[in-house]
Structure formats: structure tokens, C-alpha cells
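**Student:** Protein sequences, first through last, are from chains W and P.
Counting in the numbering used here, the first sequence runs without a single skipped number right up to 437 at its last residue.
Counting in the numbering used here, the second sequence runs without a single skipped number right up to 456 at its last residue.
What the hints contain is simulated information worked out from the structure, not anything from laboratory work.
What you are looking at is a predicted structure, and each value in this text was computed from that prediction instead of being measured.
One thing to keep in mind: the hints can contain errors.
As the list claims (entries may be wrong) - Coverage of chain W stretches by chain P, computed from C-beta distances (three or more under 8 Å per stretch; other residues unrestricted):
id, segment
1, 51-57
2, 66-72
3, 86-92
The beta-carbon is built from N, C-alpha and C at its ideal position, and this holds for glycine as well.
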Amino acid sequence: MTSPTTPGPLGLDDHGLAACVQCGLCLPHCPTYRVTGDERRSPRGRIALMRAVEWEGAVPDDEWHEAMDTCVGCLGCETACPSAVPYGRLISGTREAVAAERRPPLHLRVGLRLLSWPGLVRWGSRAIGVVQRLGLLRRTGVLPARIPLRAGRSRTDGKGASRGDGATGEVVLFTGCVMDAWQPEVHTAVVDVLDAAGIGVERSGDRVGCCGALHEHAGLVDDARAHARRVVAAMAGDRPVLVDSAGCGAALKHYGDLLGTDEARAFAARVHDVHEWCAADGRVQGLLAGLAPSSGPDPSTEGGVPVARPTVVVQDPCHLRHAQGCHGSVRTLLAPVADVRELDDEGLCCGAGGAYQLLQPEIAGAARDRKVAAVHRAARGDEVTLASANPGCSTHLAADRSLAEAGVGVRHPMELVADAVRRSGNGTRRA
Amino acid sequence: MALGLYSRDGSVTRGGRAGVVCFPETTDEVAACVRIAVAHGRAFVPRGAGTGLAGGAVPCDDPVVVATTRMDRIHEVDVERRFAWVGPGVVNLDLTRHLTGTGLHFAPDPSSQQSCTIGGNVANNSGGPHCLQDGVTSAHVLAVEVVLPDGEVVVLGDEEGRAVGYDLRGAFVGGEGTLGIATRICVRLCEDPPEVATLLLGFARVEDAAATVSAVIADGIVPAALEIMDQRVVEAVEPFVHAGYPTDAAAVLIVELDGLPAGVAAEVERITAIGHDHGAGTVRVAADEDERARIWKGRKSAFGAIAVIKPDYYLNDTVIPRTRLAEVLAKVYEVVDERDLIVMNVFHAGDGNLHPLIVYDAREPGVMERVLEAGEEIVRISVEAGGVLSGEHGIGLEKKRFMHLQFTDADLVAQDRLRRAFDLHGLANPAKVLPTGASCGHVTSLGRPPEGMWV
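So that you can see chain W by itself, here it is in the shape it has in the complex (with noise of 0.2 Å):
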């Protein structure tokens, strides 16, 4: 069943417009207004200017264009709504009936449009870890703090690039573009989880590539959908395909709404989150409760001497809690081999977003605020680790400079599952 689209120039989904009841339950849910307090930067506010352009035909003028530019697309209104008010398609179609006039700027495009290619991404982020080596860039949220300078694995394309099976694994794990230069040991960690447990693994490698959700996110759709049509080609067949970007696991979820396909459909419904995946299947479950403390040998001596279970205070992505509704997942993988604990924040955004930080640093900044005094008040002055799955969100809180001082490491879920499998002797076993 499709709506019909508004009769303004944005030609947004009328029904999905029309849902909103203006409540306001949504106000506090939403970083933006939570760090200015101003209707203009909610959820509400938005969907109130949105209405008056479609609706009573009025022209958006720059106060209005930056009511929608603020809005970091999180989607905790959409979490939220009691309505329902399918939020996320109402900002994605804004900001792409407006892409053209309201272009972003230069330097992200020409940042977004190299994504294109893995390979120079993994030679130009080992360049930049030189400089960062040398002292010579300013440190800021939007890369790592270190850029590795040894990349991951996947420029061999597939071929012996994974462990388990091979290029004939049981499942694909969605590689994409910048995680396998800034955090390939993110990607190396689910491999060796899943090889613990048995499982055949292919990494998807450079063919496949980008998953344009920054593009996307930046109202660049026709970029989006080209790299979307891209992936789905180069990923045929039936093999789950998991992910380990929360951000990029979205994407892919939504390639049925974005290219409208039922090719497109059919690959979204082979997407998982790497955590959900994994919860729900019986080897790794088999594999995490082997290393639970209530069973088998004591875990937690290693060679005799008391190894603690790490504290981890764990963030929810936006991508992964909103948008993906699959947090669950990761505290059921990380339950039995850490303490958990939960922030207060009902998983208000950190302000991340993608490229939202660098083209928004102000709001991007407060929003980080938040989350961080959230962390040190679960944290409570103990030594915990601080576990983000999404690229984006744990380079954003990496570098905070008070989480440094607090000693709180940001770290992948699955790092942290991988590290007790290791420790258990279990990541040795190779096919």
C-alpha cells in the first residue's frame, strides 16, 4: 500500500505527514533539541516546518533549511512516537527534494565521493596515520585518533582472505570501505569468533565496497543508490550476509525501501547485524556459554593467575537501536564474558551521525557532552570499557578527551567477545 505524496515541492509521504499529533513526546528523545531546547531542533518543530512548505505552501528560507540540516537523523523520535510517524522517510525525502540547492559541502563530497575506492582509502588513511604519527594533525572526532598502519585484509579481494571456509563460507561479513583502514581489528575479531564457533566466513572485500549510507545521510540518494546497486550485484546468492557497522548494517537493511526492487528486497532480508546473527545462533551461543563462568573450567584464571571480566558500559548506536532494533543482541553476546552496564540515556544519540559531527561540530559537541557524563556516571570512577557498535559513534567518543583521562578505551562489542575467546584458547583452533 503506498501513501500518496504531498502536494509541495518537497512531495513528502502525505499520510506519514499528516500522523503527527504534535505531543511533544518526542522532544526529549532527540539530541538536538535536548541540547538547545528550541523547537526548531526537534522532531516536532521539523515536522511543523515541513507541513507548512507542503501543506500552506509556504518558502523555505534559511532558518528553515537549517532546521533540517540540525537534524542528526538518529531516528530516537521515531523509537519514541506512539503514532508511529515514520520520521526517517519524512527527513530522507526533505533532504533529497532539497539535495540540489542545498549541496554539502565540497570537502565531504569529495570525501564521500573516495569512498568509492577502498583501496585508496586504505593508502590515504596510512598516510594520515603517518601524520597523526609525526604530531601534525589536530586531533578531532572525525577520524581515529591512530589510523592503523596496517590495514586490514580485505584488499586480497576474497581470495584467502578469511579464515573458516574461505571464499565458500557459510556467510559473508560485510567488509565496506572505511572501517577495514580505521578499525580492521573489528573485522578480524568477528572472524575469529566465528571461527571459534565453527563457522565459515568470507569477507566481502574491495568488489563490493562502500554501503553509501553517508551518502545517503547527506541527501546524496543517487549516489546512495548507485553504490546500493553496486553491492547488491556483487553479493548475489543466498549466504546470510552479516555486518559489524551498525551504521552500514542499516543501510543494507533499507537497500529494499531505497532501490525498490524485488532483487533489493530479497538481499535486505539476508542482512544481519553481526550481534543479532550471532545471539541467535545455537554454535556461538554454544561457544560464548563454554566460557560463561558457571561452566566448564574457570575462564577467568589464565595460566594460574585471576583474569577479571572487563565492566563494559555499553552504547547503543542509533543505527543499531532505532533504526535496527537489535541492541538486545549485543548484551546477550557480552553478557557472559563481561559485567555489563547501562547508561541512563534511554540511547539518546551521541551526536555523531556520520558526517553530522563535521558539519555540525557545535551541536555534535554538546550531544557528545551528554552521552560522556552519561558513561562516567555508569562508569562510577571504576575502570570499564566503553563498547560502541558503529564505527562513526566510537571514533566521535574516542575522542573526548575526558573519557582519555578516565582511562575508558572505546572498543567493538565483538572485540570484546573476541578477546575472551582468545583468552580461552578457543581463537587458536584455524580451519
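Add chain P to chain W, keeping to what the hints say.
**Tutor:** This is chain P only, laid out in the frame that chain W set:
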């Protein structure tokens, strides 16, 4: 165009117009906003989260809107003496969340508590499901720092809750922004109960649920909360919260009991028995905290969930004697049916505080007239049954035309004198509450004043 976002609140009122919107962060800045407005003969209108349902924050004729959302600091928590000083922009639920681990909480819990601000709660003397046992906001405000309508800053009340001389704190709470702007609030903190049980009772008839409410109170039990939701509400919220409400029941009664474990257990048994006596088809006790939270989330999401049925709502708020719930509810359904509208009933049954939620599509021609007519009839029926105009949403713009139903001319003159004692020039949120003085020029959707209205 963006100023339009400050032209309305959570109510049906349309056509408000803000002149300028200020975001003060300190008491001094609020005082400066007020002084500048007054010096230029401009009215000022305080605003919190804009979730009000009676149009109290709707600006009339280009006033200075003073948004307190950035005054969201919790200044001090004194666990031993059980109070907290908070900014007016602190979100209600944030305070209780902040108190986690202290064994204390802030009792008033309006359904919009996840969004609404404590400053707004003070202005409207807000209630909430748990105010049945704990009392409404006024019982939880010990002291309040106020910027008076001439810009002077005073503190009314004190941390011990003692009023020296007249209780001006008591006069200020519920003033709906017509007596000044609260800039710091000292709230009473309540102890968390050692044991809580939440029951869900399903009834085949709404009147049986209403009769159960009267019977529970008559039995000598005052639960922490007693709430009724009718079938339409349950059907709207269940897909959102998955609380396991009985969707086949005509009405669901939520009963929350708290206190010492032995007492709570005895009361659970007693209420189960009373429920069965009154025809409850199902009685379920929430098994854990998660289930309890879902039950409450559903109850508190009701007004926001209506778009699954219609895109607009008019949420009324009247109070009637508890013993006449069944009779008045039947009339409410009748009034609404007659006008070919849909009503969803969800309310604080223990307090007799009705919240008929009329849902409609404003784009349908002529529908607004029927909605307002039904609303007016509901107010009339409630007052005739011995009730009052508003339980907790305030009078604002919405109900001021009904004030004459409740009060004599002499009553209204006396109230106007109190208002003028605070606000000589009539610039503090004018055109609200009392049917005197300024009208709100551009406001629509409120219908014409009824005949014989006191002006």
C-alpha cells in the same frame, strides 16, 4: 516561519503568534526579559516543553515568549532533608531518573512526564496517575523562586515547607504563568515504596470497571494509582508497547499498590476479589519490573498514540465525583456518538478525573465545530454532576469560557484581584485563565463564547 513553532502547545489551539522567543539560562536573564517586555508594554508568556493541553503557553498578539527549556539544571539534591532545587526547564522524568539510587523520587507523574518540564508542572499544578495517593504538584513544591511580573525576584515558601504569613507559594502554584515565572523550584522528594504490585483487570463493560473503582475506595484501600483505559485506547497502544493488555476487554483497569510487602500482598488479594465480584474477566499481576514499565508506558502514551486512528485529538480534562463515574461516562459516549465522532476514554479513575480523548481529522470540513460542541457538552455534564472544569491541565485559553459554569461573578472578581496583586499591568500571560480583560485576537479552534458568558 520558525516563530510559528512557538505559536502553539500540545492543545488544539491554533492562531497564536509569538513576537520574539527568548531562551534565558539564569534567573537574572529571565528578570531581564520580563523587565524589557514590560518597559515596552509588551506581554510575556512563559513556556516549558510546550506539551500543555489547555493553551496556557499559546502566545496572543506577539508577546515575548520566555522559554525556560535551557534552565534545565538540577542545582541541589538534599537526600537527608528530602528536597531538591531544580531549574524550571528540568524534565519531570529526568529528576526521578537523576535520583536513582537515593531511594527517593519526585511523585507527580503526568502522562507527558518524559517530556514536560517541572516549571510547567508548577504552573498547571499538574497531576498524574500516582497523585491519587501522593497528591498533585502543589503538595510537592516546598518553595519557589519567582520573577514577578515587574521583574522583581522573590522566593515564596522555604525548604521546610513552612509558610510565614499567607501561603503565597500555594497561591503561585497553578498560576499558569499569570503570576510570574518560576526560575528555581524546591521540590519535595518522596521515598520509594519497599514493594509495588501492578494489577491489570479486564472488564466486558466500562461501567463494571468504574464500579470496581468506587468499591475499592469504599473498601478503605487507597491504591497508589487507579486508571481506566477503554478498548479503543488499549487497541491503539498495545502495538506500541506490547504490554499484554487484554485487547478483547471493553475496559482495562490498572491498579497499583505499594507499601510494605505483607500489606501489598493482602491488598492484591482483596482487589482481585472485588474485581471478580464486579465481573472482571481477567486479573493479572505484573510479573516483573519490565512488565510493570510496559503497562505504564502504554497508559502514558495514550494521547500520543491516537494517530493510528485519526491525526488530531482534543483531550478534555474534567473531574467528577468518583461515585458517578459509570453514569457520566455513559453520557460522554452518548454526546460524542451523537456528533458522529470517536472518543477514547483514558483517565485517572481513582480521582474521578476524566480525560475523554476525541479524535478527528481536522482536514474534514466542519469537524472542529462538532468536536468543540462535544467538548463543551462534556464540561457541562461534568459540572452538573458536581464536578469541576479541570483536574490538572489548567484553564489556559481552552476553558476560560467555561469559568462562569463553576464560579459566580463575585468569585471571578476575587480571583481577578489576586491576579492584579501580582500583575498590576496585566502583562503576565494575559488572556488566560480568567474570562476578563484581553482576548486572544487570532486564536481559532476554540469556538465562540457560550451565551450568557461572564465578561
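**Student:** Find the hints from earlier in the document that the structure breaks and name them by number, from lowest to highest.
**Tutor:** none
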